[in-house]
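Enquirer: Chain by chain, the residues run as shown.
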Amino acid sequence: MDIKSMKNYLYWLYCQFELITCSYLMEPWEKVLFYTFNVSMLVMVAYTAYIFFPVHISTAFQFCLHLFGSQHENTVSVVK
Amino acid sequence: MELSAKKTFIEHFEQAPMYVAVLTFVGFGVGTVFGYLRDFMRAWGLEKRNVAQEREQQKDFVPLYQDFENFYTRNLYVRIRDNWNRPICSVPGPQFDLMERVTDDYNWTFRFTGRTIKNVINMGSYNYLGFAETDPNALKTVAKELQRYGTGICSTRQEMGTLDKHVELENLVAKFLGVEDAMVFGMGFATNSMNIPALVGKGCLILSDELNHTSLVLGARLSGATIRIFKHNNMQSLEKLLRDAIVYGQPRSRRAWRKIIILVEGIYSMEGSIVRLPEIVSLKNKYKAYLYLDEAHSIGAVGATGRGVVEYFGMNPNDVDVLMGTFTKSFGAAGGYIAGKKGLVDFLRTHSHSAVYATSMCPPVAEQIIRAMKCLMGLDGTTQGLQRVRQLGKNTRYFRRRLHEMGFIIYGNDDSPVVPLLLYMPGKIGAFARRMLEKNIGVVVVGFPATPITESRARFCVSAAHTREMLDTVLNALDELGDFLHLKYSRYSKSSHPELYEETRFEFED
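Chain order of the listed sequences is E and G. Be aware that the first sequence starts at 1, since it is given in the UniProt record's numbering, and climbs by one per residue. Be aware that the second sequence starts at 1, since it is given in the UniProt record's numbering, and climbs by one per residue.
Okay, chain E solo, but in the shape it has when bound:
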């Protein structure tokens, strides 16, 4: 039953998407065009995230480390 209610919920979500973006009103070829555009946009965003996400995270982490590390160094040298 969980699968069935999950499927119903997904169908309901799909209907909401159709209503909100007016694709419920479109003719079939317009729907194909619209969905192709949407899916391709999503795929591109996902691919970009996949490629650049780890690099961005590690760069940000290193930057934070550098910031805290250098500060510690400076205070120690002044006191000395």
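Calculated directly from the structure, the hints in this document are not laboratory data. Please note that a few of the clues may not be correct.
What the hints assert, rightly or not - Some chain E residues flagged as far from chain G (calculated, every beta-carbon gap over 12 Å):
id	residue
1	Lys4
2	Thr21
3	Met26
4	Val43
5	Ala46
6	Phe52
7	Phe53
8	Ile57
9	Gln62
10	His66
To be verified - For each label pair, taking beta carbons as the anchor points, the in silico distance ranges come out as:
id	chain 1	residue 1	chain 2	residue 2	range
11	G	Ile246	E	Asn38	55 to 63 Å
12	G	Glu480	E	His66	55 to 63 Å
13	G	Thr113	E	Lys4	30 to 38 Å
14	E	Pro54	G	Thr73	50 to 58 Å
15	G	Ala21	E	Asn38	15 to 23 Å
16	E	Tyr11	G	Ala43	56 to 64 Å
17	E	Asn38	G	Asp104	26 to 34 Å
18	G	Lys488	E	Leu65	46 to 54 Å
All residues carry an ideal CB built from backbone N, CA and C; glycine is no exception.
Given the coordinates of chain E, work out where chain G should sit on it, guided by the hints.
Expert: Frame of chain E; chain G shown alone:
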């Protein structure tokens, strides 16, 4: 003061959550983008052109169909056009029969299959008191007058078109409203548009509500007077305009205005709100202006005995200078009336365009109004009229309460039989109307030009002829559909905490 004066004035105009407005614009954005795409394809011949367009020889002239309204019509309206102009083939009572229509080319053309869909519950007709009926007993006098007078008048009021039926009807209307005299016209829209020019002219000032009906706007524009608009039902805005008008006078000469007239409606049919009559009357008395009250939707529908907003607020009909109304909504007929002091009505008999040029009301229709009005006043010996008014009040309160409890956003006053249910998104307008028809319920949905672009709605008109079972059927269907289409946006579902309700409350001392 009457015993039945209303003590509290509760109106709701709840705003939907922000994401709803954003998603509505997303929907319109997508629709517009595809509209441009389709226009491009039509212009370059990639698609058959079904739209109105100029002839070849006129291609170099000023373009006719490039403005936003035409763009909207051919790209967005046509997609859901099957929800409007549906032909019915029975009396528009609490239920009616519909002719089935299908389209083969996405609403550009329709064809009838020949089948009729029977007993569709009617939530769209202005049949407030249920006088749109075919019962032969009820229509006995109408049939008799039809045989006596025929159907045509073939003349205007001032020539040979005044019958004894008109005199009888006018006396009855005056008695019903409690004024000195009344005059009836053949068409409700024409009553407004042809009589306002007779009452005001150049050098007069018209203060008109933001959401007034087209007939009032047309009449105001035809008159040639200066028109200023005040915010809907907003007394501060009206008072500011009145004060500015009296202090500054006419625009360049600074002379006093010849006349200042305030145009308002009893019930506004797109919002379901009722006019704040006591405040307007006190303002008009203070600043010496005139008041023109259009009771098209409120006559017969509000008030303890159905005499309109004047009775609803417990006021004297002499407070309003010009009482106007129509017989189309609560009386099951056609036409309009203007009532007031005898001097006013006598003036209109000679100076109104409608009296001079328009054909007068036909006798069977006049008889239908006479019998409906006699029924309402109790002059036919039964209490049927009062029962109808009470039934309408009960149905209205029940319907509105249940809709509030379910969590829909409803606009308007708690006592108005016009119930707008907000849909917001353009995609949902079509889905809502089609699915309701599948469940055998006929509704009227309204979209952009008639309402603001983000506030499309479904408008229900409760009738005294609806039984509790019919209303329950409709409410259950709405519940189901509300869950499926996700329409229950209200954040203030009616519960045991009335102080959390977004409302405006006014308590009157009486």
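Enquirer: Against each hint, give a clear statement of whether it holds in the structure.
Expert: Okay, the hints, checked on the actual structure:
1. Lys4: 17 Å, holds
2. Thr21: 5 Å, violated
3. Met26: E:Met26 not clear of chain G: closest Cβ-Cβ about 7 Å, inside 12 Å.
4. Val43: E:Val43 is indeed farther than 12 Å from all Cβ atoms of chain G, at 19 Å.
5. Ala46: Non-interface label stands for E:Ala46: nearest chain G Cβ at 21 Å, farther than 12 Å.
6. Phe52: At roughly 27 Å from the nearest Cβ of chain G, E:Phe52 sits farther out than 12 Å, so the non-interface label holds.
7. Phe53: 27 Å, holds
8. Ile57: At about 30 Å from chain G, E:Ile57 clears the 12 Å cut-off, so the statement holds.
9. Gln62: 38 Å, holds
10. His66: 40 Å, holds
11. G:Ile246 with E:Asn38: 55 to 63 Å: The hint (55 to 63 Å, Cβ to Cβ) holds, given that G:Ile246 and E:Asn38 are roughly 59 Å apart.
12. G:Glu480 with E:His66: 55 to 63 Å: Taking Cβ atoms as reference, G:Glu480 and E:His66 lie about 60 Å apart, which means the hint holds.
13. G:Thr113 with E:Lys4: 30 to 38 Å: With a Cβ separation near 36 Å, G:Thr113 and E:Lys4 satisfy 30 to 38 Å, so the hint holds.
14. E:Pro54 with G:Thr73: 50 to 58 Å: Given range 50 to 58 Å: holds, Cβ gap about 52 Å.
15. G:Ala21 with E:Asn38: 15 to 23 Å: With Cβ atoms ~22 Å apart, the hint holds.
16. E:Tyr11 with G:Ala43: 56 to 64 Å: 38 Å, violated
17. E:Asn38 with G:Asp104: 26 to 34 Å: Holds, at about 29 Å.
18. G:Lys488 with E:Leu65: 46 to 54 Å: Because 50 Å falls inside the window, the suggested range holds.
Checked against the numbered hints listed earlier, the structure breaks hints 2, 3, 16; every other hint is satisfied.
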